[in-house]
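Asker: First to last, the protein sequences are chains A and B.
Letter by letter, the first sequence follows residues 1 to 203 in our numbering.
Letter by letter, the second sequence follows residues 204 to 406 in our numbering.
To be clear, the hints were calculated from the coordinates, so they are not data collected in a lab.
A portion of the hints provided could be inaccurate.
[Claimed, not checked] Here are the simulated lysine-lysine pairs, DSBU-like style, with alpha carbons at most 35 Å apart:
no., chain 1, residue 1, chain 2, residue 2
1, A, K155, B, K401
2, A, K62, A, K47
3, A, K155, A, K198
4, A, K62, B, K342
5, B, K265, B, K250
6, A, K155, A, K139
7, B, K265, B, K401
8, B, K250, A, K47
9, A, K155, A, K62
10, A, K62, B, K358
11, B, K358, B, K401
12, B, K250, B, K358
13, B, K265, A, K47
14, A, K139, A, K62
15, B, K358, B, K342
16, B, K342, A, K139
17, A, K198, A, K62
18, A, K198, B, K265
19, B, K265, B, K358
20, B, K250, A, K62
[Said to hold, decoys possible] Here are the simulated distance ranges between beta carbons:
no., chain 1, residue 1, chain 2, residue 2, range
21, A, P26, B, D324, 25 to 31 Å
22, B, L280, A, L77, 20 to 26 Å
23, A, W67, B, L230, 23 to 29 Å
24, B, R405, A, N57, 31 to 37 Å
25, B, A363, A, R159, 48 to 54 Å
26, A, R29, B, A323, 36 to 42 Å
C-beta: ideal position from N, C-alpha, C; glycine also.
2 protein chains.
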Amino acid sequence: MADAILDFWFDFASTYSYPAALRIRPLAREAGVAVRFRPFLLGPIFKSQGWDTSPFNLYPAKGRHMWRDLERLCADLSLPFRRPEPFPQNSLLAARVALVGLDEPWGEEFCVAVFRAEFADGRRIDDPGTMAEILGGLKVAAAPVLAAAQADESKARLRAQTEEAQRRGLFGAPTFSTADGELFWGNDRLERALLWAKQHARA
Amino acid sequence: MADAILDFWFDFASTYSYPAALRIRPLAREAGVAVRFRPFLLGPIFKSQGWDTSPFNLYPAKGRHMWRDLERLCADLSLPFRRPEPFPQNSLLAARVALVGLDEPWGEEFCVAVFRAEFADGRRIDDPGTMAEILGGLKVAAAPVLAAAQADESKARLRAQTEEAQRRGLFGAPTFSTADGELFWGNDRLERALLWAKQHARA
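Bound conformation, chain A alone:
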């Protein structure tokens, strides 16, 4: 059971990725599963389905349910919740910074802090000032990180990550993927995905 591992694919703009990001680390610890945070961009995947914005904007009844459902869900989890304006936020910068951070000890904390800034505090995550503030809160020097995030290598890594997501069949976020190729889509599949990862770990 050495490598019970679960990949956590998320887009910082994705609404249900917020509760998933806040829940996954304690639940994974409890389940004895290692988690890899894998930010990607839903935009190019939505575009390939003919959508130029979130399906929650394109289909208003679905959108109205999602906002109310998320509000109820966050209340149940005692998570503060504010609806981001505009929605969806542009998550490009945050995802690039996250990829830099996930090579360092502060990456996961950064991701969680971005979700909190966006969905609890109503901050804009496309603003480098917000990123700098979050990095500062983690005692990380912002300037070199923001420079690295905007370098060609970071851009290429995020593109590759998004292409891998699409190749694996992802169509939404959050999605959890296991080493044996199972996909579990949605915050409400997190517990089941962890159990699968645990039960199907290579010996």
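Model the placement of chain B on the given structure of chain A, informed by the hints.
Answerer: Just chain B now, with coordinates in the frame of chain A:
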């Protein structure tokens, strides 16, 4: 707490309505909530969003995940599962028969039996022979029921039911709605919807 009540909106063609229909009665009994079975048609609602078939057919990655997810879910619930051919099934006849039955003591059993025929046994639910067999299994004379189901009154009732679903903001199935206007979409929201219905019942 006299009227803790939950409306269960479903389309017989809807995949996740199958586990919901099989789960809802025991869970509701346990929760002390009365359930009203409300068959409707998703087709007209999908059409008004510009879709001429199930989104699971229109968006192949989403469809692939759904079939695998449903397979895993049914295995977890020890429910037999076969993928209906064709998908989606035409659910018009079954919904009309169900509306006749839901005025009688056999309506809910009929609904559950249709879901089993379709998703466990791979039967076609647009076939009057399948309907007659299910009715026979419930000791109900099929001919007068099938005649009533095809009468103008039944057709009008199903249209009205579908219009009410749309007016309430339904966009998918299963959906659970409460007396105070909450909507919970998806088999995975059933437990939460029952709890809501119970906690917010009028005294």
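Asker: Does each hint hold? Answer for all of them.
Answerer: Now the hints, each set against the structure:
This hinted pair does not check out: K155/A and K401/B have alpha carbons roughly 50 Å apart, beyond 35 Å. Only pairs whose Cα atoms come within 35 Å are accepted, and K62/A paired with K47/A is accepted, the gap being roughly 19 Å. Taking the CA atoms of K155/A and K198/A, the gap is about 33 Å. The hint holds against a cut of 35 Å. Pair hint K62/A plus K342/B does not hold up; C-alpha atoms about 40 Å apart against a cutoff of 35 Å.
Between K265/B and K250/B the CA atoms are separated by roughly 19 Å; this keeps the pair inside 35 Å, and the hint holds. At most 35 Å may separate the alpha-carbon atoms for a hinted pair to count; K155/A and K139/A meet this at roughly 24 Å. The suggested pairing of K265/B with K401/B holds, with an alpha-carbon distance near 33 Å, which does not exceed 35 Å. Only pairs whose Cα atoms come within 35 Å are accepted, and K250/B paired with K47/A is accepted, the gap being roughly 22 Å.
At roughly 32 Å between alpha-carbon atoms, K155/A and K62/A fall within 35 Å of each other, so this suggested pair holds. Simply put, K62/A and K358/B have alpha-carbon atoms about 27 Å apart, close enough for the 35 Å limit, and the pair holds. Proximity of K358/B to K401/B is assessed by CA-CA distance (about 33 Å); at most 35 Å being required, the pair is judged to hold. Restraint check: the Cα-Cα separation between K250/B and K358/B comes to about 19 Å, which is no more than 35 Å; the hinted pair holds.
Distance check on the hinted pair: K265/B and K47/A sit about 15 Å apart at the alpha-carbon level, within 35 Å; holds. About 40 Å separates the Cα atoms of K139/A and K62/A, which puts this hinted pair outside 35 Å; it is violated. For the suggested pair K358/B and K342/B, the alpha carbons sit about 24 Å apart, so the restraint of at most 35 Å is met. For the given pair, K342/B sits about 73 Å from K139/A by alpha-carbon distance, which is inconsistent with the 35 Å threshold.
For the given pair, K198/A sits about 33 Å from K62/A by alpha-carbon distance, which is consistent with the 35 Å threshold. A distance of roughly 25 Å separates the Cα atoms of K198/A and K265/B; the hinted pair therefore holds under the 35 Å criterion. For the hint linking K265/B to K358/B, the alpha-carbon distance of about 32 Å falls within 35 Å, and the restraint holds. Taking the CA atoms of K250/B and K62/A, the gap is near 15 Å; set against the 35 Å cutoff, the hint holds.
Taking the beta carbon of each, P26/A and D324/B are about 42 Å apart, not inside 25 to 31 Å as hinted. Between L280/B and L77/A the CB atoms are about 25 Å apart, so this pair conforms to the stated range of 20 to 26 Å. Our hint of 23 to 29 Å for W67/A and L230/B holds, since their Cβ atoms are close to 26 Å apart. Checked against the hint of 31 to 37 Å, the C-beta distance between R405/B and N57/A comes to roughly 35 Å, which is consistent with it.
A363/B and R159/A have their C-beta atoms about 51 Å apart, which keeps the hinted 48 to 54 Å range intact. Between R29/A and A323/B the beta carbons are some 38 Å apart, a value that agrees with the proposed interval 36 to 42 Å.
In this structure, the earlier hints numbered 1, 4, 14, 16 and 21 are contradicted, and the remaining ones agree with it.
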